[in-house]
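Protein sequence lines, in the order shown, are assigned to chains A and B. All the letters of the first sequence, read from the start, carry residue numbers 1 to 220 under UniProt numbering. All the letters of the second sequence, read from the start, carry residue numbers 1 to 537 under UniProt numbering.
I should point out that these hints are in silico values taken from the structure, not numbers from a laboratory. Hints should not be assumed to be uniformly reliable.
When the alpha-carbon atoms are kept at most 20 angstroms apart in a straight line, the in silico EDC-like pairs for lysine to aspartate or glutamate are as follows [said to hold, decoys possible]:
hint	chain 1	residue 1	chain 2	residue 2
1	A	Lys144	A	Glu126
2	B	Lys516	A	Asp18
3	B	Lys516	A	Glu58
4	A	Lys144	A	Glu129
5	A	Lys144	A	Glu58
6	B	Lys516	B	Asp65
Quick caveat, the model's predicted, so the values are computed rather than measured.
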Amino acid sequence: MPTTPPPTESGRVADQFDDIDQQREANLFGMWLFLATELLLFGGVFAGFVVFRVIHGEAFAEAAGHLDLALGTLNTALLLTSGLTMALAEQLVNAARRRAALAMLLATLALGAAFLAIKAYEWHHEYMERLMPVLGLPFEYPGKHPQQAELFFNFYFALTGLHAFHMLVGLCILGVLAILTWRWRDPPRIARQVQISGLYWAFVDVLWVVVFTLLYLLRL
Amino acid sequence: MSVSTDPRWPSEHYLKEDWGLRGWLLTTDHKRIAWLYLVSITAFFFLGGLAALLIRLELITPPGDLVSADTYNRLFSLHGIVMVWFFLIPSIPATLGNFLLPMMLGARDLAFPRLNLLSWYVYTLGGLFTLAAVIGGGVDTGWTFYTPYSTLFSNSAVIAAVMGVFIVGFSSILTGLNFIVTTHKMRAPGLTWFRLPLFVWANYATSLIMVLATPVLSCVLMLISVERLFGIGIFDPALGGDPLLFQHLFWFYSHPAVYIMILPGMGVVSEIIACFSRKPVFGYQGMVISIMSIAVFGFVVWGHHMFVAGQSLYAGLMFSFFTFLVALPSAIKAFNWTATLYKARIIFSAPMIYALSFVGLFTIGGLTGIILASIAIDVHVHDTYFVTAHFHYIMVGGMVTSYLGGLHFWWPKLTGRMYSELWSKVAALALFIGFNLTFFPQFLLGYQGMPRRYHEYPADFELLNVMSTLGAGVLAIGYLLPLLYLSWSLRFGAVAGGNPWRATGLEWTVDSPPLKHNFPRTPRVTEPAYAYDPTAD
Numbered sequence: 001m002p003t004t005p006p007p008t009e010s011g012r013v014a015d016q017f018d019d020i021d022q023q024r025e026a027n028l029f030g031m032w033l034f035l036a037t038e039l040l041l042f043g044g045v046f047a048g049f050v051v052f053r054v055i056h057g058e059a060f061a062e063a064a065g066h067l068d069l070a071l072g073t074l075n076t077a078l079l080l081t082s083g084l085t086m087a088l089a090e091q092l093v094n095a096a097r098r099r100a101a102l103a104m105l106l107a108t109l110a111l112g113a114a115f116l117a118i119k120a121y122e123w124h125h126e127y128m129e130r131l132m133p134v135l136g137l138p139f140e141y142p143g144k145h146p147q148q149a150e151l152f153f154n155f156y157f158a159l160t161g162l163h164a165f166h167m168l169v170g171l172c173i174l175g176v177l178a179i180l181t182w183r184w185r186d187p188p189r190i191a192r193q194v195q196i197s198g199l200y201w202a203f204v205d206v207l208w209v210v211v212f213t214l215l216y217l218l219r220l
Numbered sequence: 001m002s003v004s005t006d007p008r009w010p011s012e013h014y015l016k017e018d019w020g021l022r023g024w025l026l027t028t029d030h031k032r033i034a035w036l037y038l039v040s041i042t043a044f045f046f047l048g049g050l051a052a053l054l055i056r057l058e059l060i061t062p063p064g065d066l067v068s069a070d071t072y073n074r075l076f077s078l079h080g081i082v083m084v085w086f087f088l089i090p091s092i093p094a095t096l097g098n099f100l101l102p103m104m105l106g107a108r109d110l111a112f113p114r115l116n117l118l119s120w121y122v123y124t125l126g127g128l129f130t131l132a133a134v135i136g137g138g139v140d141t142g143w144t145f146y147t148p149y150s151t152l153f154s155n156s157a158v159i160a161a162v163m164g165v166f167i168v169g170f171s172s173i174l175t176g177l178n179f180i181v182t183t184h185k186m187r188a189p190g191l192t193w194f195r196l197p198l199f200v201w202a203n204y205a206t207s208l209i210m211v212l213a214t215p216v217l218s219c220v221l222m223l224i225s226v227e228r229l230f231g232i233g234i235f236d237p238a239l240g241g242d243p244l245l246f247q248h249l250f251w252f253y254s255h256p257a258v259y260i261m262i263l264p265g266m267g268v269v270s271e272i273i274a275c276f277s278r279k280p281v282f283g284y285q286g287m288v289i290s291i292m293s294i295a296v297f298g299f300v301v302w303g304h305h306m307f308v309a310g311q312s313l314y315a316g317l318m319f320s321f322f323t324f325l326v327a328l329p330s331a332i333k334a335f336n337w338t339a340t341l342y343k344a345r346i347i348f349s350a351p352m353i354y355a356l357s358f359v360g361l362f363t364i365g366g367l368t369g370i371i372l373a374s375i376a377i378d379v380h381v382h383d384t385y386f387v388t389a390h391f392h393y394i395m396v397g398g399m400v401t402s403y404l405g406g407l408h409f410w411w412p413k414l415t416g417r418m419y420s421e422l423w424s425k426v427a428a429l430a431l432f433i434g435f436n437l438t439f440f441p442q443f444l445l446g447y448q449g450m451p452r453r454y455h456e457y458p459a460d461f462e463l464l465n466v467m468s469t470l471g472a473g474v475l476a477i478g479y480l481l482p483l484l485y486l487s488w489s490l491r492f493g494a495v496a497g498g499n500p501w502r503a504t505g506l507e508w509t510v511d512s513p514p515l516k517h518n519f520p521r522t523p524r525v526t527e528p529a530y531a532y533d534p535t536a537d
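Could you put the whole structure together from the sequences, leaning on the hints where they help?
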């Protein structure tokens, strides 16, 4: 295993910055701001959902009962675990333990991919149940409030779709990080990149907790 | 006149080399990216202006005889979409802000130069979608894309237009993010927060709004798109969805967006008025607090667009109250500009004429805003030309005027050359006269009950409409003249030198045009902003 000094002073500084600390602070701050924008992007849909959850309380609670709680819970567990592996990866890169860090990044990648696979299975299941009101597909809901239930499922696909898109972006980032860690050219730089990407990944985790609560847990 | 031309042309500057396509399209120099934006938004400005010209020509006679009602709907929608998202929102931040913010902070570039270039490409991509919408037959929803018309009924190119606006939103998010990080992390030694020029404060506040409001616009446009594309109807009333939710989410962005479109103008005007009064801005800290409170209050007034849309009376009362509150910081700013002029030896240069026009026109726009904030009156005049006139006083009288003022003020810095003094003053006056002639009659029309967005009207309204259209002709001269003499000055203008206005500010301490990395060495700031000496010659 190559041993490198802890990433404090080394690494290339971009032209516009005076030193590496200024650069790191700016990058971190930029990521936090970006996450704030993401929160507001989801916030609009969350707000809309909450309004209708209150207006059509009974219908939405009943429709939520048609989602697969077991799979949703499993996905939540997978994603939270991936948060742990990502945090470990960050520590390990900092400690210049390349192989362990690479393993943790790949574990995060695998957990994220498993999440998306289960999500896709759930969507497929809903498609088979004719609960997917997308592109004019038939929507045959067995409960009492088919129209409001369709509204619920519209929200369900909009929210989970938006979240899945963010997961997909996260997986691409993880793939790049894994390659960079494997090559191990500029460890301090990789440490900064893993730290910033870790923020994004944790954020997507937290978003899922909200999505899961709103859609799956508020049921009859 | 105080122009002290210094015939020194710097041997090194950012425009000297790299004139190939690569040098421009792959540049990460904030000053060159400012030029990319300047050229793009000017093109969009004239596209939006062309639509406005056709609208005014149609309205010169009472019957709808120039274009059909359908075409007319597409014209005002195009005018609104292009002017709001492709001109006004990026206007000052993406051009003057991009160029000046790092220089005013004493930095070599923005914090994320590649992100800055990306934001221009995103802008361009959004622009291409919008052009595709025009070629695909146009869009007829108005710039606000209200549901359920936009989602269930309109047979026009809604998707392309919505995608264009969705995409361009990310360009303003990226710009805002870049500005905030740069302002926080890259100020020169000694440049404390309360020594920042008000232009920086204004762009900082604008960036906060861009970063916090634009994602909600993206969210709501995404929901419209999935409803039209995939049939996932969040707003569909048949399913129990509510079109009003769309309006709430839309105005949650689009009202703060009004402040995106005016705060940078306030920053520009503060710089110009201080310079040509040779005095520090009166009440600097009050100005800063006003800027920030306008940005904050701007987030809690969106419901005043919905007084008659069916929200509850109590909600209406609160939104009305907060809207009145916004008038306070705005008035503080107007009074402070006036107080800065008090007993000053005012120099009536072209930028100063623009700045003074701004103060007057913004005041009229702001005061009529208070009229509209009163629910009882709003019920009477909503969706009339009174509203159209009000927001054009802010958007055109305010933002376009200050944008042109800023462009004239910093043109010597951007290009190193001066433009014609006479013609620039003629243009500034043409703008002021043409603007008032165009839009003041619209207050009267609206108060008499002429609704917005109609392509024909009763003969009683003809005189005022003819005045308005003639005014638009004068206004067009005010726009075309700068295009001519500013272009002319690029090649034939007198060499400006580093500081032709003898202004304060870090950007004026270096050569014009500046070096690629702005400063030969990092400057050190030892005095507050606007350290003008009123007693000097």
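Hint by hint, which ones does the structure fall short of? Hints 3, 6 are the ones this structure does not satisfy, whereas the remaining hints hold.
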